[in-house]
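Trainee: Residues per chain are reported as follows:
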Amino acid sequence: MITNTQQSGRKWSEWIKKLIGSKKKVAHPSASDLRDLELIQDNSFESEVKGILKRVIDPELEINIVDLGLIYKVEQDDANRIFVEMTLSTPACPIGDVIVQNVIDTLQNAFPSKNVDVSLVFDPPWHPGMLSEVGKKALQGNFN
Amino acid sequence: MFGLSTQRAPSPTLVVPYFIFSAIAFLIFSVLLFFSIPELSMHFMNPKILALTHFAALGWISMIIMGALYQLVPVIFETGLYSQKLGKFNFIIFGTGILGMVWSFWTLHFKNWLFLFGGLVFLAFMIFSFNIFKSISRSAKSHFAGKLVLSAIFWLLITGLLGFLLTLNYTFPFLKQDQFNLLKTHAHFGMIGWLLFLVMGVSSVLIPMFLVSHDLKEGFLKKALYICNFALLLISIDWIVFAGTQWIPVYLLIFFFGFSYFLRYIFDSYRKKLRKLDIGMKHSMISFVFLLIPGVLAVFLSLSGWKMMPDIHQLIIPYGMSIFIGFFSNLILGQMYKTLPFILWLHRYKHLVGKNEIPMPKDLYSEPLAQWQYYIYLLAVLFFALGFLFEMAFLLYSGAALLILTALLFNINVLIIVLFKKQITSIGIQK
Chain A
85 MITNTQQSGR KWSEWIKKLI GSKKKVAHPS ASDLRDLELI QDNSFESEVK
135 GILKRVIDPE LEINIVDLGL IYKVEQDDAN RIFVEMTLST PACPIGDVIV
185 QNVIDTLQNA FPSKNVDVSL VFDPPWHPGM LSEVGKKALQ GNFN
Chain B
254 MFGLSTQRAP SPTLVVPYFI FSAIAFLIFS VLLFFSIPEL SMHFMNPKIL
304 ALTHFAALGW ISMIIMGALY QLVPVIFETG LYSQKLGKFN FIIFGTGILG
354 MVWSFWTLHF KNWLFLFGGL VFLAFMIFSF NIFKSISRSA KSHFAGKLVL
404 SAIFWLLITG LLGFLLTLNY TFPFLKQDQF NLLKTHAHFG MIGWLLFLVM
454 GVSSVLIPMF LVSHDLKEGF LKKALYICNF ALLLISIDWI VFAGTQWIPV
504 YLLIFFFGFS YFLRYIFDSY RKKLRKLDIG MKHSMISFVF LLIPGVLAVF
554 LSLSGWKMMP DIHQLIIPYG MSIFIGFFSN LILGQMYKTL PFILWLHRYK
604 HLVGKNEIPM PKDLYSEPLA QWQYYIYLLA VLFFALGFLF EMAFLLYSGA
654 ALLILTALLF NINVLIIVLF KKQITSIGIQ K
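Line order of the protein sequences matches chains A and B.
With the working numbering applied, the first sequence covers 85 to 228.
With the working numbering applied, the second sequence covers 254 to 684.
Check before you lean on any hint, since a few could be wrong.
Stated by the list, open to error - Below, in silico cross-link-like pairs of lysine-lysine (BS3-like), each with a Cα-Cα straight-line distance of 25 Å or less:
#  : chain 1 : residue 1 : chain 2 : residue 2
1  : B       : Lys535    : A       : Lys221
2  : B       : Lys529    : A       : Lys220
3  : B       : Lys301    : B       : Lys364
4  : B       : Lys525    : A       : Lys198
5  : B       : Lys429    : B       : Lys364
6  : A       : Lys221    : B       : Lys525
7  : B       : Lys525    : A       : Lys220
8  : B       : Lys608    : A       : Lys157
9  : B       : Lys400    : A       : Lys221
10 : B       : Lys470    : B       : Lys400
Derived from the structure by calculation, the hints contain no laboratory data.
With the sequences and hints as input, model every part of the structure.
Mentor: Laid out in structure tokens, this is it:
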């Protein structure tokens, strides 16, 4: 049996939770969600790698680096080497090395038999025109 | 190599104490302000107003800015901090100096204690400036924001020196100039030279970064830096050497002209933004709009040297409050949400990025509480403005009560961020 005191106690705790906004979401969901939506539907190796790299999220913007337009080039050679050329949205990015390491780890996990080589370039510098449509919507908070 | 941005970041044990001290100081300041409402209608040279001004300028605003700068210098200038130990030592010196100084003002210990604590604050300024200067001078990267930061540090030292001389003068009178003019100069060295120029330097990097805006004109910043510094120099020479002439409004006009370039830079960044404003940026962007209030009041006050103008000394306290509460507090209340969560997120989750499901920096604080804080703060400013306009103590008390509530919500969120812990689950990346 629930007493009035218990009920009002529960109401208060629910009210406080609502006020503070308890967060059930631990990770940003867009990484895997976006992957299937925006991926170019071809079977090229570049598309496959870019699809995998959509798991790498910029923690400040909360958008994956592919939709941000940070990946310039993806190539593989005969020596089992994956080469990625990428940039950052600003050279002053405070977590540039974390993002690059995340790219290496993600690709190394996805392709354990290959060597991953990432090159960070700022020429051409990143500009908003490099954002994908999904990226633009996500920045404006319109992505559902 | 990919740059060592996160390896260069200082330890949170250096930065976080500055943020916590500052948040608590803001709460105490709000409470003290509530109990000092009768003093707001008196002359600004009364002990409680001096105590409150220094608590806001040093304990709340400068403290958090120093902490943030320890974090930002390595980011902006791509160099490690010269000495983290010196930064920690500085926190103790600065904190002790501030508390002692505010106590000395509040309890009228001008003669025997003030210069001692004033000396500690000045020492803290010197240590801080040395640490930042040595860090920046090691940087191979030339960033224009650096010039604004260096000019802010120059003015910080001048502010500290003049302030220390003023405290020394209470014990061993030696200054021949009019105290009122020296105090005005000291206040403007601090508010404009140190705090405003630093805000200009740091926000010229951070605001475009947070709003994701590109193609901004650095030339605007250059003009703002040179013209504003020139105007501040003219004003201070006029006050110190000529005890305030009728040329002050002209110097003010020059300052406004220079500052308008900085505002154009910020407006340009806002106009070209690709990102919706989050709560932190809403707070920060509206603070630039609120600058209109001290701007208008400064025009009236600058004309007070003209003979035909009536005595408008009662505008000095609203002018100071519009700068400290309307602008700097507003900006900091927002920027805390952009910096502290990120600093702690980096420390706790950097090694888990890509390996586990981890929270994002935004998840470290309560967004609804931040929203409440924003609207309650706006109400507080409105009540203060109406209170001064209609000279009604009730409205001023309401404004102060709302400011206490703002500070409480801010402190709760700082606590939530500092204590944030989440269970991390492995996601196991598969092809």
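Trainee: Would the pair lysine 525 of chain B and lysine 220 of chain A pass a check requiring their Cα atoms to be no farther apart than 25 Å?
Mentor: Given that 25 Å is the threshold and the Cα spacing comes to 13 Å, the pair holds.
Trainee: For lysine 608 of chain B and lysine 157 of chain A, compute the direct alpha-carbon distance and say whether it is at most 25 Å.
Mentor: Cα-Cα ~24 Å, so holds.
Trainee: Are the Cα positions of lysine 470 of chain B and lysine 400 of chain B separated by 25 Å at most?
Mentor: 16 Å, holds
Trainee: Are lysine 429 of chain B and lysine 364 of chain B close enough, with their CA atoms no more than 25 Å apart?
Mentor: Measuring from Cα to Cα gives roughly 18 Å; hence the hint holds.
Trainee: Would the pair lysine 400 of chain B and lysine 221 of chain A pass a check requiring their Cα atoms to be no farther apart than 25 Å?
Mentor: Not satisfied, since the Cα-Cα distance of roughly 36 Å exceeds 25 Å.
Trainee: CA of lysine 221 of chain A to CA of lysine 525 of chain B, is that 25 Å or under?
Mentor: 15 Å, holds
Trainee: Taking only the CA atoms, is the gap from lysine 301 of chain B to lysine 364 of chain B under or equal to 25 Å?
Mentor: 16 Å, holds
Trainee: Are the Cα positions of lysine 529 of chain B and lysine 220 of chain A separated by 25 Å at most?
Mentor: Holds: lysine 529 of chain B and lysine 220 of chain A sit about 10 Å apart, inside 25 Å.
Trainee: Take the C-alpha atoms of lysine 525 of chain B and lysine 198 of chain A, compute the straight-line distance between them, and say whether it is at most 25 Å.
Mentor: Violated, at about 41 Å.
Trainee: Do the alpha carbons of lysine 535 of chain B and lysine 221 of chain A lie within 25 Å of each other, as the hint requires?
Mentor: 19 Å, holds
Going through the hint list in order, the structure does not satisfy hints 4 and 9.
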